[in-house]
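Enquirer: Listed below are the residues making up each chain.
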Amino acid sequence: LGNNLKRTIKVFKTFPKGGIHPPENKLTAAKPTVILPVPAQVTVPVSQHIGAPATPVVEKGAVVRAGQLIAQAKGFVSANIHSPVSGKVSKIDTVADTTGYKQTAIVIDVEGDDWVETVDRSSGLVKEITLTREQIIERCQLCGLVGLGGATFPTHIKLTVPAGKTCDTVIINGVECEPYLTSDHRLMLEKGAEVLTGVEIIRKALGVGRVIIGIEANKPDAISNLTELAREFEGITVQPLKVKYPQGGEKQLIKACTGREVPSGGLPLDVGVVVQNIGTAFAVYEAVQKNKPLVERVVTVTGKSVKNPGNFRVRIGTPVSALIEAAGGMPDDTGKVVNGGPMMGKALAVTDIPVTKGTSGIIIFPADVSKRAEVLPCIRCGKCSSACAMGLEPWLISVLAQKGMFEKAEQEKITDCMECGACAYTCPAKRPLLDYIRLGKSTVIRMARERITK
Amino acid sequence: MSSTVLLTIAMLSALGLLAAVILYFVAQKFKVIEDPRIDLVTEALPGANCGGCGYTGCRAFAETLVKSTSFEGLNCPVGGADTMGKVAVILDRQPVAVEPKVAVVRCNGTPDNAMRTSYYDGAVSCRVAHSLYGGQTGCQFGCLGCGDCVAACKFDAMYMDPVTELPVILDDKCVACGACVKACPRSIIELRKRNKKDRKIFISCVNKDKGGPARKACKVACIGCGKCLKVCPYEAITMENNLAFIDSTKCKLCRKCAPECPTGAILEIGFPVKEARPAEPADVSAS
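For the protein sequence lines, the chains are A and B, in the order given.
Sequential numbering from 1464 applies to the first sequence in our numbering.
Sequential numbering from 596 applies to the second sequence in our numbering.
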């Protein structure tokens, strides 16, 4: 009987430790991507990536064309910023970003939609990869590519394998394990061929034979579409995965797809793997084949109270309020607007902030469900420890961070936390575990950096 | 029977005696000679272990005091001149006069003054809120109102005012230990010279934005216009990053600056009410 059961129930791969099953709520999975018109004004922050902010290279009053470099990367970990529109720079000023803190941004008044000549605006698929490895990496750097999964780490650094390390497998992250979000899902359906060409380019840049595209089983249409298309490519396999949060975490995805475990404090390259997001693969395709810099992305605007939730392809710098308008306007009972997924995203302080390279979704929650519940004492039930995919003890490290015992928190591997929020989600006492862990993690990282510089 | 008992007593006594002799010599060999004045000084200190002196508790401070050659730079803010006088007698040294200080909250972003643009719902901790976002007003420098400073105060000298949503410092209880200054992630609280009758004049704002955005976020923000700077006869006011600052050691409380301020960011507290001008801003945080 056991064997029969195993045969009938298809067992998908997944990561072994922890994990949770939040309601999926993929309301926009069947909504084709809508291209949003260019807004009247865009605000382009110079820091849309991890690392040093870029330096503006245009002055107030300058006339810019879409695709033109407007801010130059500064330092090793940084990314170029290009103008997403054509028009006139009206000011370079500090404006509030997603957190409400002010940072430098270039504000452009839009006039027409005039692109620089080097960008190939045609829609035809270009399959043949003519550039060499070095040229591909250079192109990614020039086009300001960053990881579009959320962390916005500059892509060209990830594509450069440092001396002493080897890479034998590329994993493409099509998991999209965050509830509500569907932008990667839509890309896999609508731009499958382009995505796969992008994957092929990434493989060429890294000089790797094996590529695994990890997709959760709740996207059967994307799995079948990419499996069909992948037949043309040698060495690209599509790996369906069991639905489990946080499977989109790099380390979890590597474990699920290859069985390898990234050591504590290590990087995927320590086990010979590089992970890239589906959105990044598409951006790589556009940059390398069409010479198009990263100036637009797909953003899911969703929520149960939203009139027309959908997936929108927008220019970087478009105000979030315009996106909400396109989705049918802000519902009257709105309590919270979250930037990113409901698990890892952060609530916005204001909605007149721009879409950046890292904006994957805008989720609107009504007031009655958005408020946090009353915090009760921890009874050491251990649910958070069972949910933690990194094998940490969230109840302990959050208290250590709260009490300022950062050395002890460091010993408890607080820096291994990827801030997925599974612990806070499962906590029956509704304790703000992640809030304190984030604080502790950033403090410990700063302390460690100070130790090195001393 | 009785011989067994006697033997036991004899054996134990002999063992005890032997152990005592060994312990005596060990104690002689490894004797720790501690300056008896450390105990005396520790007793003279308040025993709050608040860390306001910069050392990890009263005993550590006492050890430092006994080892030191002069009191320069060493002060117990809790006990003040009294305590330091007593310590000086014990150690037979000259006390160094240290100006008493008091903590001051440099933000007046009440709900009336600074419009709330969002609502914070996370962990009740200023440090967490500060790391997450700019704040519930348009001002990214002002008080977050979660009360980390109040939690840090060991002397019951602070409380959160539910109406103004700002911390209030009780001047008579504040010992200027500086715990709240360290607890505030936005460096809003400052230790200032304590004046007669707890009078104070200070700029109740830490907003470094340009005038326009600062004023838009908060009615009583310092807009960096520099008017106060010009009228100050004692050069006590400096301007940096669109923010004026009154040096409490130079300020002579002449009150020339406050009427000049177009936004009312300069607070005068503890002065008799002037006939011509009602001391309106003083009401807000004088309590």
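If you're looking for bench data, these hints aren't it; they were derived computationally from the structure.
Using N, Cα and C, we set each Cβ at its ideal position, and we do this for glycine too.
Any given hint could turn out to be false.
[Stated by the list, open to error] Here are the simulated DSS-like pairs of lysine-lysine, each with C-alpha atoms no more than 25 Å apart in a straight line:
id, chain 1, residue 1, chain 2, residue 2
1, B, K811, A, K1565
2, A, K1565, A, K1809
3, A, K1565, B, K749
4, A, K1871, A, K1770
5, B, K845, B, K788
6, B, K825, A, K1565
7, A, K1753, A, K1480
8, A, K1871, B, K777
9, A, K1554, B, K777
10, A, K1866, B, K749
11, A, K1767, A, K1871
12, B, K768, B, K803
[Stated by the list, open to error] Just the calculated beta-carbon pair ranges, DEER-fashion:
id, chain 1, residue 1, chain 2, residue 2, range
13, A, I1908, B, P631, 45 to 51 Å
14, A, T1557, B, K814, 19 to 25 Å
15, B, K851, A, A1503, 35 to 41 Å
16, B, R711, A, P1726, 43 to 49 Å
Enquirer: Work down the list of hints and note, for each, if the structure agrees.
Expert: Against the structure, the hints:
Pair hint B:K811 plus A:K1565 holds up; C-alpha atoms about 14 Å apart against a cutoff of 25 Å. Distance check on the hinted pair: A:K1565 and A:K1809 sit about 16 Å apart at the alpha-carbon level, within 25 Å; holds. Restraint check: the Cα-Cα separation between A:K1565 and B:K749 comes to about 35 Å, which exceeds 25 Å; the hinted pair is violated. In summary, the hint linking A:K1871 to A:K1770 is not supported, as the alpha carbons are separated by about 48 Å, beyond the 25 Å threshold.
For the suggested pair B:K845 and B:K788, the alpha carbons sit about 10 Å apart, so the restraint of at most 25 Å is met. As the CA atoms of B:K825 and A:K1565 are separated by approximately 30 Å, the hinted pair breaks the 25 Å bound. Between the alpha carbons of A:K1753 and A:K1480 the distance comes to roughly 41 Å, so the proposed pair goes past 25 Å and is violated. Among the hinted pairs, A:K1871 with B:K777 is consistent with the structure: their alpha-carbon atoms are about 21 Å apart, no more than 25 Å.
A threshold of 25 Å between alpha carbons decides the hint, and for A:K1554 with B:K777 the separation of about 38 Å lies outside it, so the pair is violated. As the CA atoms of A:K1866 and B:K749 are separated by approximately 16 Å, the hinted pair is consistent with the 25 Å bound. Taken as a hint, the A:K1767 and A:K1871 pair is broken in the structure, with Cα atoms around 42 Å apart against an allowance of 25 Å. Taking the CA atoms of B:K768 and B:K803, the gap is about 31 Å. The hint is violated against a cut of 25 Å.
Between A:I1908 and B:P631 the beta carbon distance is about 47 Å. The supplied range of 45 to 51 Å therefore holds. Hint check: A:T1557 to B:K814, Cβ distance near 21 Å, so the stated range 19 to 25 Å holds. Distance hint for B:K851 and A:A1503: a CB-CB separation of about 48 Å, inconsistent with the stated range 35 to 41 Å. Between B:R711 and A:P1726 the beta carbons are some 46 Å apart, a value that agrees with the proposed interval 43 to 49 Å.
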